[in-house]
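Engineer: Sequence:
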Amino acid sequence: YSYNGEAIKPAVTVKDGEKVLTEGTDYTVTYSNNVNAGEAVVTFTGKGNYTGTITKKFTIAPKPITVTIADKTSVYGEAMAELTANTDGIVNNDTNVYSLATDASSTANVGTYPITGTTLDSNYAITFLNGTYTITKAPVNSTGTDMAVDYTAGMEVDLRQMFSVDENAGEVDYWITYLTGDGSFTGAPYLYRIGKAGTFTVKITTEETTNYNSGTATAVLTVNPGDPGIGTVTAGVVNDTLETSAIVLT
5 YSYNGEAIKP AVTVKDGEKV LTEGTDYTVT YSNNVNAGEA VVTFTGKGNY
55 TGTITKKFTI APKPITVTIA DKTSVYGEAM AELTANTDGI VNNDTNVYSL
105 ATDASSTANV GTYPITGTTL DSNYAITFLN GTYTITKAPV NSTGTDMAVD
155 YTAGMEVDLR QMFSVDENAG EVDYWITYLT GDGSFTGAPY LYRIGKAGTF
205 TVKITTEETT NYNSGTATAV LTVNPGDPGI GTVTAGVVND TLETSAIVLT
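For the sequence shown, the numbering used here begins at 5 and goes up steadily by one.
Keep in mind that the hints are not guaranteed to be accurate.
Computed list of lysine-lysine pairs in DSBU-like fashion (alpha-carbon distance at most 30 Å, straight line) [stated by the list, open to error]:
hint, residue 1, residue 2
1, LYS13, LYS51
2, LYS60, LYS19
3, LYS76, LYS13
4, LYS67, LYS13
5, LYS13, LYS23
6, LYS61, LYS13
7, LYS51, LYS23
8, LYS23, LYS60
9, LYS67, LYS51
10, LYS23, LYS61
11, LYS207, LYS141
12, LYS19, LYS61
13, LYS51, LYS19
14, LYS141, LYS76
None of these hints come from the bench; they were simulated from the model.
Go ahead and model the full structure; you've got the sequences and the hints to work with.
Structural biologist: In C-alpha cells, the structure reads:
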C-alpha cells in the first residue's frame with residue numbers, strides 16, 4: 005500500500021476453519037494509524053458467537069513522486085528570483101512537502117549554482133531533479149553631465165568631474181577618451197589640455213570585472229572663446245595719416 009492522503013482499509017477475510025465469517029455479525033473491524041506512511045493496525049473483535057480480539061499490521065509506504073526544479077536567473081546585486089518546481093503526485097492538498105535551496109544570493113559572485121530540494125513530509129519519497137541558478141553580470145551605470153568652460157591658453161580640464169560611476173560597483177577601473185575636439189591628454193589620463201575653443205565629446209569606459217560588465221557614457225564639453233586680454237585700442241593721427249606706431253594697446 006502507498007500513501008494516498010486518505011484512510012487505507014484493506015479488504016479482509018475472517019474464517020473459522022473453512023467457514024467464512026460475516027463482518028458485523030461475527031466480528032467488527034477497526035483500523036488505526038492507517039492514513040500516513042508507516043505501520044498501520046487492523047483490529048478484529050468477536051461478536052455474537054465469537055469473542056476475543058485479534059490484531060494484524062500492514063505497511064503504508066511513502067508515495068513516490070518526482071520534483072523537477074526550475075532553472076532561475078537574476079542579475080548580480082538585484083533581488084533573487086523565487087525558487088519554484090513542477091510537481092506531479094502530491095495528494096490531499098498537502099503543503100510543506102519539500103523545500104528548495106541554493107547557495108546563490110544577490111551578493112554571490114557571477115556564476116552558476118545548483119538548486120536542490122529537501123523532503124519535509126515523510127509521506128513522500130521524492131526524487132529531485134535539480135535546477136540551476138545563474139547569476140549574470142550587472143551593468144555599471146555610468147552617467148555623463150555636459151559642462152561648459154571659458155578658454156584660456158594652456159588650460160587643462162579634469163574630465164572626471166563630468167562623470168559619475170555606479171557606487172555599487174565599488175572600485176572599478178575606467179578610462180576617459182575624447183571622440184571629437186582639438187586637444188590632448190597630459191600626464192594623467194583624465195587631464196585634457198584644450199587646444200582651442202569648441203565642443204568636445206568625451207566618453208568614459210568602465211572595465212569589465214567579475215560581477216560587472218563594461219559600460220560607457222558620454223558627455224559634451226563646451227569650451228567658450230575666452231577674453232583675449234586686449235583692452236581698448238587708440239590710434240594717433242599724424243598729417244592725416246594713420247600711423248601704426250601710434251597705436252597703443254591698453
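Engineer: Confirm or reject each hint.
Structural biologist: The hints, checked one at a time:
{"no.": "1", "hint": "LYS13 <-> LYS51", "in the structure": "holds, 20 Å"}
{"no.": "2", "hint": "LYS60 <-> LYS19", "in the structure": "holds, 14 Å"}
{"no.": "3", "hint": "LYS76 <-> LYS13", "in the structure": "violated, 43 Å"}
{"no.": "4", "hint": "LYS67 <-> LYS13", "in the structure": "holds, 17 Å"}
{"no.": "5", "hint": "LYS13 <-> LYS23", "in the structure": "holds, 23 Å"}
{"no.": "6", "hint": "LYS61 <-> LYS13", "in the structure": "holds, 11 Å"}
{"no.": "7", "hint": "LYS51 <-> LYS23", "in the structure": "holds, 15 Å"}
{"no.": "8", "hint": "LYS23 <-> LYS60", "in the structure": "holds, 20 Å"}
{"no.": "9", "hint": "LYS67 <-> LYS51", "in the structure": "violated, 36 Å"}
{"no.": "10", "hint": "LYS23 <-> LYS61", "in the structure": "holds, 23 Å"}
{"no.": "11", "hint": "LYS207 <-> LYS141", "in the structure": "holds, 22 Å"}
{"no.": "12", "hint": "LYS19 <-> LYS61", "in the structure": "holds, 18 Å"}
{"no.": "13", "hint": "LYS51 <-> LYS19", "in the structure": "holds, 13 Å"}
{"no.": "14", "hint": "LYS141 <-> LYS76", "in the structure": "holds, 15 Å"}
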